[in-house]
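Residue numbers (UniProt numbering), protein chains in the order written: chain D, 1 to 331; chain Y, 1 to 328.
Just so you know, not all the hints are guaranteed correct.
To be verified - Among chain Y residues calculated to face chain D with C-beta under 10 Å, some are:
| hint | residue |
| --- | --- |
| 1 | Val9 |
| 2 | Gln63 |
| 3 | Leu114 |
| 4 | Ala155 |
Claimed, not checked - Label pairs and their calculated CB-CB ranges:
| hint | chain 1 | residue 1 | chain 2 | residue 2 | range |
| --- | --- | --- | --- | --- | --- |
| 5 | D | Arg187 | Y | Leu54 | 23 to 29 Å |
| 6 | D | Ser46 | Y | Leu149 | 48 to 54 Å |
| 7 | D | Val32 | Y | Asn129 | 39 to 45 Å |
| 8 | Y | Leu149 | D | Ser54 | 24 to 30 Å |
| 9 | Y | Arg66 | D | Pro77 | 28 to 34 Å |
Treat the hints as calculated values from the structure; they're not laboratory data. Yeah, the Cβ is synthetic: ideal placement off N, Cα and C, and Gly gets one too.
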Amino acid sequence: MTDHDGTRTRNGDATGAEALVAEPNWLKDKAVRFLDSDVYFSFKRSPVTIVAFSLVMLLVLGALLGPLIAPQNPHDPAQLNLMDGFTPPFSANQFTGSFYLLGTDDQGRDIFSAILYGLRISLFVGVVSVLFAGVLGVTLGLVSGYFGGWIDTLIMRIADIQLTFPSILIAMLIFGIARGLVPVEMRNDAALYILILSIGLSEWVQFARTVRGATLVEREKEYVQAARLIGLGRIPIMVRHVLPNVMGPVLVIGTIGLALAIIAEATLSFLGVGAPPTTPSLGTLIRVGQDFLFSGEWWIILFPSLTLLVLALSVNLLGDWLRDVLNPKLR
Amino acid sequence: MLAFIIRRVGQAVAVLFTVGLVAFCIFRFMGDPVENLLGQEATQADREALIERLGLDDPIPVQYVRFVGNALQGEFGISYRLGRPVSELIAERLPATLELAMVSALFALVFGVLFGVYTGIRRDGVLANIVMSVSLVGVSLPTFLIGILLIWIFAVELGWLPSFGRGDTVAITENWDSVLLTASGLKSLILPGITLGLYQMTLIMRLVRSEMLEVLRTDYIRFARARGLRRQAIYFGHALKNTLVPVITVTGLQLGSIIAFAIITETVFQWPGVGLLFVNAIFFVDIPVMAAYLLLVGTVFVTINLIVDLLYFAIDPRLRFDAPGKGA
């Protein structure tokens with residue numbers, strides 16, 4: 001608590017070296033400081049947030065360890081037994097006696113394993129597209145706000161036009177265009193990257209507008225004037241001084257954006273214009289499962305849908321909580 | 001007043017121009033139209049003839065002007081996949097989408113206002129709280145999951161309603177096959193209509209609720225109560241009336257979203273509208289259809305936004321006072 005970065009002065013180099021040597025202490029300091037922070041205090045007092053956080057962690061862990069804990073690799077035909085097809089959940093197959101926790105699909109694919117593998121794709125696409133949208137949006141917002149002038153007008157005009165249309169429509173359009181530019185034989189392999197590109201490009205506007213607004217306020221402040229006075233260039237000022245001070249809301253937008261990106265990915269994949277059948281995400285699994293709803297095999301669609309729902313809802317709740325904690329005006 | 005209208009119309013034209021440019025770039029530079037229209041056996045002479053006929057060797061600005069000119073006349077070229085004029089395909093399917101969108105918007109408006117008024121009056125009521133909680137879950141659910149859930153309950157388990165298609169249609173005009181006049185058509189409209197309108201319904205409901213809460217606190221409502229007016233008269237005649245300006249605006253703005261989100265609903269319910277056409281066009285990289293859909297939706301959005309803005313201007317006098325100061 002006592003040693004915060006702001007008090008370090010010119011002879012801070014020595015303290016820095018000491019801190020490196022005494023690493024455990026430094027870590028402990030960080031931990032103590034975190035446990036004492038407003039964020040942790042608010043986290044402790046909100047059961048909903050704790051549950052949401054645990055669920056997200058559980059799903060992330062499941063996705064990361066997927067190949068290790070999944071009973072089978074659902075995309076390796078050699079591991080599938082057709083006789084196990086349509087095994088209902090929580091019970092043994094009537095012919096082979098094999099047990100599958102969440103049942104199997106028509107080809108004897110274990111739904112639980114398919115969900116773990118699908119979760120990997122959904123989370124990967126979601127996280128990377130938000131990162132992409134974030135980097136792009138923050139950069140453009142910073143440039144727009146700091147430079148102003150025609151470049152600001154241009155960027156904000158594009159943002160305005162894009163905001164006129166729902167982001168899912170933009171994502172679909174970009175997906176279609178990018179798909180058209182990729183050679184036919186590469187379309188399945190490139191699908192995930194096209195997906196990331198289209199979702200990222202459809203969501204940068206929120207980041208850019210927020211960062212631009214914050215930059216407009218920051219650039220008039222004294223520390224920026226001081227930095228300008230000692231002859232620092234525009235880019236170093238933007239990156240080293242303005243950027244850290246406008247990043248606060250970005251975390252909130254990023255978290256809520258993650259929920260949106262996961263839903264957007266699932267929607268595109270469900271429509272058949274997202275993750276290909278060779279690397280199915282949760283949305284693809286739901287699309288496939290829809291066919292079996294009518295013949296009574298409800299588990300093929302129910303469990304992937306529930307997973308998607310829990311994931312999107314939990315991330316959303318976390319985002320809402322972060323917004324309330326980090327926004328001093330609401331307190 | 002005039003300056004505002006001119007500026008606003010100018011903006012709309014600029015946006016449309018951009019959308020048109022994007023559509024033109026897709027149309028002209030993605031893939032090779034000549035390869036796509038001619039088969040493998042085409043000779044060099046065929047190629048040149050087609051390039052000549054399509055005007056692909058003209059300067060790009062000339063081609064753009066021609067593209068816009070054709071689009072204004074409803075001419076968008078020929079679908080690569082289906083080999084038929086895009087305008088024909090769209091004309092065939094537009095009625096289905098418009099009917100679905102209108103029914104959804106109506107559903108959203110009627111039930112949104114009803115629930116909004118109810119939850120506004122009975123703020124602490126059990127039923128009102130249930131409606132509010134359910135609406136929160138409804139907003140968090142992706143549209144396609146709502147559709148699947150409805151299909152599961154009402155089509156598969158209960159068997160009350162059809163799960164796909166439009167049912168029987170009646171030709172109203174040459175191009176307009178309507179489902180609004182047959183029993184099976186109306187039945188098949190229910191599930192997609194609810195799926196598509198649910199999000200907008202919750203939006204309107206929450207808006208009406210918060211506006212109602214605000215209005216019910218004002219003095220004129222207290223006076224109306226003191227005067228002994230009947231409750232219905234107070235709630236619907238006085239309170240609701242004053243919440244309607246933002247509601248109309250939001251409904252108008254959401255109309256565009258409804259048409260866009262129809263893509264998802266149409267896929268879930270295999271509803272043969274333009275949305276389904278667009279999804280298939282993306283999957284098969286059917287460029288003329290993509291470009292035409294983009295132009296169509298772009299025009300719809302820009303027009304709706306323009307009308308709503310102008311309406312707002314007409315309804316809310318405060319905007320009129322600001323206009324001269326900000327002129328041009």
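Now for the hints, and whether the structure bears them out:
Hint status for Val9(Y): violated, given a least beta-carbon distance of 15 Å to chain D, over 10 Å. The restraint placing Gln63(Y) at the interface with chain D is violated, with a minimum CB-CB distance near 19 Å, outside the 10 Å limit. At its closest, the beta carbon of Leu114(Y) sits 26 Å from a beta carbon of chain D; the interface hint therefore is violated under the 10 Å criterion. Against a cut-off of 10 Å between C-beta atoms, the interface hint on Ala155(Y) holds, since the closest Cβ of chain D lies about 8 Å away.
A hinted range of 23 to 29 Å holds for the C-beta pair Arg187(D) and Leu54(Y), which are about 26 Å apart. With their beta carbons about 29 Å apart, Ser46(D) and Leu149(Y) fall outside the hinted range of 48 to 54 Å. Restraint check, Val32(D) to Asn129(Y): a C-beta distance of roughly 41 Å satisfies the suggested window 39 to 45 Å. Between Leu149(Y) and Ser54(D) the Cβ separation comes to about 26 Å, which falls inside the hinted range of 24 to 30 Å.
Remark: the range hint 28 to 34 Å for Arg66(Y) to Pro77(D) is contradicted by a beta-carbon distance near 52 Å.
Of the numbered hints listed earlier, those contradicted by the structure are 1, 2, 3, 6 and 9.
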